[in-house]
Amino acid sequence: MASKLWATKAASCLRISVFHRGFATVLKDLKYADSHEWVKVEGNSATVGITDHAQDHLGDVVYVELPEVGAAVKQGASFGAVESVKATSDINSPISGKVVEINKELHDSPGLVNASAYENGWIIKVEVNNSNELNSLMDSDQYAKFCEEEDAKH
Amino acid sequence: MGVVNYLEALKLQEKLTADRKIHKITDTLLSLQHPPTYTLGKRRTDHNLLVSEPELKAMGAELHYTERGGDITFHGPHQAVLYPIISLRDVGLGARKYVENLELTMIELASLYGVQACAGQKGETGVWVGEKKIGAIGVRISSGITSHGLAFNINPDLNYFKHIVPCGIADKEVTSLQKEAERVVPPEEVIHDQLIACFIRIFGYTDVISKDSASISSYNLEN
Chain L
1 MASKLWATKA
11 ASCLRISVFH
21 RGFATVLKDL
31 KYADSHEWVK
41 VEGNSATVGI
51 TDHAQDHLGD
61 VVYVELPEVG
71 AAVKQGASFG
81 AVESVKATSD
91 INSPISGKVV
101 EINKELHDSP
111 GLVNASAYEN
121 GWIIKVEVNN
131 SNELNSLMDS
141 DQYAKFCEEE
151 DAKH
Chain F
1 MGVVNYLEAL
11 KLQEKLTADR
21 KIHKITDTLL
31 SLQHPPTYTL
41 GKRRTDHNLL
51 VSEPELKAMG
61 AELHYTERGG
71 DITFHGPHQA
81 VLYPIISLRD
91 VGLGARKYVE
101 NLELTMIELA
111 SLYGVQACAG
121 QKGETGVWVG
131 EKKIGAIGVR
141 ISSGITSHGL
151 AFNINPDLNY
161 FKHIVPCGIA
171 DKEVTSLQKE
181 AERVVPPEEV
191 IHDQLIACFI
201 RIFGYTDVIS
211 KDSASISSYN
221 LEN
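Just so you know, the protein sequences line up as chains L and F, in that order. Each residue of the first sequence is one higher than the last, beginning at 1 in our numbering. Each residue of the second sequence is one higher than the last, beginning at 1 in our numbering.
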């Protein structure tokens with residue numbers, strides 16, 4: 001119990017939230033979709049990836065299908081896929097816009113999605129065309145609760 | 001129990017997936033067999049196909065590229081195929097746990113016949129009897145709804161596997177329930193029914209409504 005309290009205090013200094021149930025990390029400052037993608041918005045540029053909860057539930061990612069630069073993405077629609085344990089899972093965009101950059105590192109190192117879901121495992125960067133869409137996404141606390149409820153189902 | 005053309009089954013799965021996504025239907029399970037068919041996954045690993053397409057056609061087999069995960073595989077008569085169209089979000093499962101449950105389904109079925117099968121080592125998803133593969137898995141998850149699924153070798157003609165590097169894993173053989181079991185296995189309808197029963201138990205479904213058409217057995221599932 002004491003070590004959990006310590007972890008929470010340390011976490012709030014580092015500005016991350018720590019689950020008490022499992023070890024999946026949720027970062028404050030990001031927004032989250034209920035299909036387990038995160039988005040980090042800076043001005044009208046956004047970076048998108050999948051969450052730590054998602055990568056843990058997927059297993060080791062062996063392949064990432066990326067869109068073309070210049071492709072349009074739409075909130076809630078699929079823009080690519082990841083493959084793990086012989087399962088391909090669609091990745092949905094949390095926001096609408098145009099793809100301006102893709103993470104080419106993922107071609108040779110798809111495992112970055114597992115090892116560094118919020119940093120080096122980022123998937124696409126998007127030029128946002130409607131920042132109001134962020135209002136329909138979850139913040140870190142809402143997302144943490146959402147994950148707990150989902151995991152409690154089985 | 002009929003033999004269903006691969007593309008026909010794929011079209012049916014696409015319709016069911018769309019219906020499941022909008023909650024028009026509950027979780028559904030398809031149970032069927034295919035005529036001789038080779039399929040590739042999203043990564044299009046056709047370097048693991050050891051013959052040309054014309055040679056395949058001459059054998060009476062089809063070749064299809066799909067969006068599922070996994071490498072190249074063969075489907076054919078006397079191989080039980082299950083395609084669960086289920087909402088992973090509703091049952092609270094991720095891809096990894098879902099695939100583990102598919103593996104357990106086949107492992108349990110094999111054990112009914114005294115065959116000790118196990119899940120593969122890391123990166124070798126599927127079901128093995130020693131170094132020989134008895135069951136394969138390839139899944140697609142779209143907006144949390146599954147399609148494609150598993151293929152369990154009851155007694156297919158294993159020579160068809162010689163024309164591919166099965167699942168991209170060289171130097172490993174393929175086997176079947178009939179080869180591994182110490183007695184003659186019952187008619188395939190029985191095996192299909194048992195496989196479905198294992199699936200239902202492992203996934204915890206309580207209500208099952210069966211809808212048999214001429215060639216595909218379809219089950220609506222609820223828990």
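What the hints contain is simulated information worked out from the structure, not anything from laboratory work. There may be inaccurate statements among the hints.
[Said to hold, decoys possible] A short list of chain L residues far from chain F (calculated; beta carbon distances all over 10 Å): (1) Val85; (2) Glu119; (3) Ser136.
[Said to hold, decoys possible] List of simulated lysine-lysine pairs, DSBU-like, C-alpha gap at most 35 Å: (4) F:Lys42 / L:Lys145; (5) L:Lys98 / F:Lys11; (6) L:Lys98 / F:Lys211; (7) F:Lys122 / L:Lys28; (8) L:Lys28 / F:Lys11; (9) F:Lys11 / L:Lys104; (10) L:Lys153 / F:Lys162; (11) F:Lys24 / L:Lys104; (12) F:Lys15 / L:Lys153; (13) L:Lys28 / F:Lys211; (14) L:Lys104 / L:Lys28; (15) F:Lys24 / L:Lys74; (16) L:Lys28 / F:Lys21; (17) F:Lys57 / F:Lys24; (18) L:Lys153 / F:Lys57; (19) F:Lys15 / L:Lys28; (20) F:Lys15 / L:Lys104; (21) L:Lys125 / F:Lys122; (22) L:Lys125 / F:Lys211; (23) F:Lys179 / L:Lys74; (24) L:Lys74 / F:Lys42; (25) F:Lys179 / L:Lys153; (26) L:Lys145 / F:Lys21; (27) L:Lys153 / F:Lys11.
Since the model is a prediction, treat every value here as computed from it, not as a measurement. For every residue, glycine included, the Cβ atom is placed at its ideal position computed from N, Cα and C.
Here is what the structure says about each hint:
no., hint, verdict
1, Val85, "violated (5 Å)"
2, Glu119, "holds (21 Å)"
3, Ser136, "holds (16 Å)"
4, F:Lys42 / L:Lys145, "holds (33 Å)"
5, L:Lys98 / F:Lys11, "holds (31 Å)"
6, L:Lys98 / F:Lys211, "violated (45 Å)"
7, F:Lys122 / L:Lys28, "holds (33 Å)"
8, L:Lys28 / F:Lys11, "violated (42 Å)"
9, F:Lys11 / L:Lys104, "holds (33 Å)"
10, L:Lys153 / F:Lys162, "violated (43 Å)"
11, F:Lys24 / L:Lys104, "violated (39 Å)"
12, F:Lys15 / L:Lys153, "holds (27 Å)"
13, L:Lys28 / F:Lys211, "violated (48 Å)"
14, L:Lys104 / L:Lys28, "holds (26 Å)"
15, F:Lys24 / L:Lys74, "holds (24 Å)"
16, L:Lys28 / F:Lys21, "holds (30 Å)"
17, F:Lys57 / F:Lys24, "violated (38 Å)"
18, L:Lys153 / F:Lys57, "violated (47 Å)"
19, F:Lys15 / L:Lys28, "violated (39 Å)"
20, F:Lys15 / L:Lys104, "holds (34 Å)"
21, L:Lys125 / F:Lys122, "holds (32 Å)"
22, L:Lys125 / F:Lys211, "violated (46 Å)"
23, F:Lys179 / L:Lys74, "violated (51 Å)"
24, L:Lys74 / F:Lys42, "holds (22 Å)"
25, F:Lys179 / L:Lys153, "violated (39 Å)"
26, L:Lys145 / F:Lys21, "holds (23 Å)"
27, L:Lys153 / F:Lys11, "holds (31 Å)"
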